[in-house]
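Take these sequences, add in the hints, and give me the full structure.
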Amino acid sequence: DQQVKQNSPSLSVQEGRISILNCDYTNSMFDYFLWYKKYPAEGPTFLISISSIKDKNEDGRFTVFLNKSAKHLSLHIVPSQPGDSAVYFCAASDGSSNTGKLIFGQGTTLQVKP
Amino acid sequence: DSGVTQTPKHLITATGQRVTLRCSPRSGDLSVYWYQQSLDQGLQFLIQYYNGEERAKGNILERFSAQQFPDLHSELNLSSLELGDSALYFCASSGAGTENSPLHFGNGTRLTVT
Chain A
3 DQQVKQNSPS LSVQEGRISI LNCDYTNSMF DYFLWYKKYP AEGPTFLISI SSIKDKNEDG
63 RFTVFLNKSA KHLSLHIVPS QPGDSAVYFC AASDGSSNTG KLIFGQGTTL QVKP
Chain B
73 DSGVTQTPKH LITATGQRVT LRCSPRSGDL SVYWYQQSLD QGLQFLIQYY NGEERAKGNI
133 LERFSAQQFP DLHSELNLSS LELGDSALYF CASSGAGTEN SPLHFGNGTR LTVT
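These protein sequence lines map, in sequence, to chains A and B. With my numbering applied, the first sequence closes on residue 116, and no number is skipped along the way. With my numbering applied, the second sequence closes on residue 186, and no number is skipped along the way.
There are no misleading hints in this set.
In silico DSSO-like cross-links for lysine-lysine, where the CA-CA straight-line distance does not exceed 27 Å: (1) B/LYS129 / A/LYS7; (2) B/LYS129 / A/LYS39; (3) B/LYS81 / A/LYS39; (4) A/LYS73 / A/LYS7; (5) A/LYS115 / A/LYS7; (6) B/LYS129 / A/LYS73.
By construction, these hints were calculated from the structure, which means they are not laboratory data.
What follows is the structure in structure tokens.
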């Protein structure tokens, strides 16, 4: 039972354009969502997060949108740069579980072409 | 650099053997999490320790065990290894054990079972 799903295994965009990565979840108890970026031979690096009390959080070129009714979140990268090419993981946490553990999606490989 | 250190980086061993993976969390972090990433899969939560005690358990096999020591470093022990145990094993840490907060990951240990 996959509680966090990233249905697009890969995405290719042109440098300077917008990249939109999508994530769906099934567990309505999730109240904290994160995006991680992973380069080869490295561990995942925290990118941006959003609490369920918000519907948008912005940090520089990165914006995360949360649609609780649709159980959907997305990460927008504007403008995309070649250095953004990596695997992006969506993750969720259930605060009521009292653990802080994260449930991850399968990842989306983003390629930004120069 | 996340501040989380994992050793060794690579491990090659035979089926039936036992290995120990080591993790040093970021300075001051009390929680340690172990995740497994198999080929083309997302990160699967294995187990969490908080200040020396087990806090949460995921889909961790009975052949696997972990512990967190008084100096807060953690070890993941994998025994009776099978070919299917070949994967990347990530350790992560956070300051909190219960609240929603980002996890900080090490660069992982790549285990190959032959």
